[in-house]
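Mind docking chain B on chain A? Use the hints.
Protein sequences appear in the order of chains A and B. At position 35 of the first sequence the residue is numbered 42 (this note's numbering), and the sequence of numbers has no breaks. At position 153 of the second sequence the residue is numbered 160 (this note's numbering), and the sequence of numbers has no breaks.
Hints are supplied without guarantee of correctness; some may be wrong.
Pairs involving identical chains hold if they fit within one copy or between any two copies, as the list cannot separate such chains.
[What the hints assert, rightly or not] List time: in silico EDC-like cross-link candidates among lysine to aspartate or glutamate, alpha-carbon distance up to 16 Å:
1) K145 to D158
2) K175 to E117
3) K52 to E26
Calculated directly from the structure, the hints in this document are not laboratory data.
There are 2 protein chains.
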Amino acid sequence: MVQILDKRVERSKASVLAETYRQLTQSGLSGVSIDEVSRASGVSKTTIYRHWPSRSALLIDACSRLGRAYPPPDTGTVRADLYALLTNFAEQLQTAAWASVYPSIIDAAERDPEIAAMQCGLHLAFMAPFHAVVERAKDRGEVQRDRSAADLIAAVVGPLFYRRWFSKEPINADFVDSIIDAVI
Amino acid sequence: MVQILDKRVERSKASVLAETYRQLTQSGLSGVSIDEVSRASGVSKTTIYRHWPSRSALLIDACSRLGRAYPPPDTGTVRADLYALLTNFAEQLQTAAWASVYPSIIDAAERDPEIAAMQCGLHLAFMAPFHAVVERAKDRGEVQRDRSAADLIAAVVGPLFYRRWFSKEPINADFVDSIIDAVI
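The shape of chain A in the complex, shown without the other chains (with noise of 0.2 Å):
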């Protein structure tokens, strides 16, 4: 009976961050309403407040499906390593839900602390990839020991920012080259 009970409790919460997701990708984070998640997923709102205490821990449950972890590239040069991931960041931010929905993580997590503490989770997620490659790097001494990682990692990462959500330009080989002959 417990078991039966577990299943449709899974069951339940499934459903709801399913369509928490799918409105998420949809209208982002401010568009997200509890009570359309409840109607569309047929779960009642006090089952959803009695798994999620607030609204903000339903969108950080559903954000944390945002990312996808992938294993730093290891092709024996910095210069490729970081072509490597920035060929497949900037075609994640060109085509991904992500990179549609993180603006609205973005814009909420300027007023609201648990946003932001998720934010800056997904922000570390996602760039551990090029803290990986560039302490490698420094490991072969292609990258001076004391050079700070984060600001080259802005370097490299900031102007793929800029294109995708700021000016809206195209982020292509050549663009991905300029930016890391500037840093290496």
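Below, chain B alone, put in the same frame as chain A:
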């Protein structure tokens, strides 16, 4: 009589815009409520919609107050010009009201074509002094004539945006120096 009416209309429009701007800087674009603007400004919703055909139109009008045009520096060298521009920009990013509102515009622009067109205009206005500085550097032969100004500007402005809104790291003078060193 017409003049008195005109003045009354101007006063109404001004108080609607002022209240919209207040809500905008406090809660971001998605936090602006026409009901609340009407209540706080004492101007009826019917009158508001007579002046602005849509919520987006009112938001766009209020957002046009965000940017502030300032003349590009002209120190004689591209390095000093960029340093002046980026230092000023870094300070604005870290203190000005528009910096906490801008992500909500970026977010809305993902889904609303009217807001996207307005954001494009704001972006061009923000970047105009950078283009002026790079053009002058080309005239002086400090930057190669065939080098893409857009690529260069993305490389210097992108890292600042990245730090302000994504990594939330401080933007200090050393960081600005390292960014300019990389591109010049």
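Taking the hints in turn, this is what the structure says about them:
1. For the homomeric pair K145 and D158, the shortest alpha-carbon distance inside one copy (14 Å) is at most 16 Å, but the shortest distance between copies (27 Å) is not.
2. Taking the closest pair of Cα atoms, K175 and E117 come within 16 Å of each other only across two copies (10 Å); inside a single copy the shortest separation is 22 Å, beyond that limit.
3. In the homo-oligomer, the alpha carbons of K52 and E26 lie at most 16 Å apart inside one protomer (13 Å), although the nearest pairing across protomers, at 34 Å, exceeds that limit.
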